[in-house]
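Keeping their order, the protein sequence lines are chains A and B.
Take the first sequence: its letter number 94 is residue 94 in our numbering, and every next letter is one higher.
Take the second sequence: its letter number 94 is residue 203 in our numbering, and every next letter is one higher.
Quick caveat, the hints were computed from the structure, so don't treat them as lab data.
Just so you know, not all the hints are guaranteed correct.
[Unchecked claim] Below 30 Å or equal to it, Euclidean Cα-Cα: the simulated BS3-like pairs (lysine-lysine) are:
# : chain 1 : residue 1 : chain 2 : residue 2
1 : A       : Lys-79    : B       : Lys-166
2 : B       : Lys-123   : B       : Lys-166
3 : A       : Lys-42    : B       : Lys-123
4 : A       : Lys-79    : B       : Lys-123
5 : A       : Lys-2     : B       : Lys-166
Single-letter residue listing:
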Amino acid sequence: RKEVEQDPGPFNVPEGATVAFNCTYSNSASQSFFWYRQDCRKEPKLLMSVYSSGNEDGRFTAQLNRASQYISLLIRDSKLSDSATYLCVVDNYGQNFVFGPGTRLSVLP
Amino acid sequence: NAGVTQTPKFQVLKTGQSMTLQCAQDMNHNSMYWYRQDPGMGLRLIYYSASEGTTDKGEVPNGYNVSRLNKREFSLRLESAAPSQTSVYFCASRVGGGAQETQYFGPGTRLLVL
């Protein structure tokens, strides 16, 4: 079993739709969690950190469920510019990030 | 601030050739990392350096060596390139090992080994 798993997609949604991605992780000792965004042929960039109480940044909401070991990302009112690959990232022992394979999102006009 | 820079952007090698990928950061970060990214595989850690003077193996270190030249620079060397090393290589840096500290990535080096 991979340490961080994501549905690779692609998720094809119309503009204005709400879309949710889930990610599961296997290491119960994982400390920190993030969502990164990666555009085609570009480097990953931090989208948002994921806190235990859940957190929101504009149209994006991240949730963490430690008991079930999954993280979610909700995007409301999707824009064309949201089209990208979304990487779930788990930080173990404060040093090494483990990246999921990514979920591709295409927002269609 | 340039952030994390990498050179070269693109490289084509023949099997058996050697090369060094350069990475530098100007954010005064302690930790630096080298990843490779292959289609469908996600980013995999090759080597990392928690601080100047230290390096450690990651998930896929075979065929690579690294040097943490100083706090700013962390290079990755392929001594004898193989087609299996065709990939996109990303360097990243981070302040340290604290909780919720993020990593910042360079723009990547696209390597093709023939």
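Hints versus structure:
Under the criterion of a C-alpha separation no larger than 30 Å, the hint pairing Lys-79(A) with Lys-166(B) is inconsistent with the structure, at around 40 Å. Distance check on the hinted pair: Lys-123(B) and Lys-166(B) sit about 25 Å apart at the alpha-carbon level, within 30 Å; holds. Between Lys-42(A) and Lys-123(B) the CA atoms are separated by roughly 25 Å; this keeps the pair inside 30 Å, and the hint holds. Among the hinted pairs, Lys-79(A) with Lys-123(B) is inconsistent with the structure: their alpha-carbon atoms are about 43 Å apart, more than 30 Å.
A C-alpha spacing of about 19 Å is found between Lys-2(A) and Lys-166(B), which places the hinted pair at or below 30 Å, so the restraint holds.
The structure does not agree with the numbered hints 1, 4 stated previously, though it agrees with the rest.
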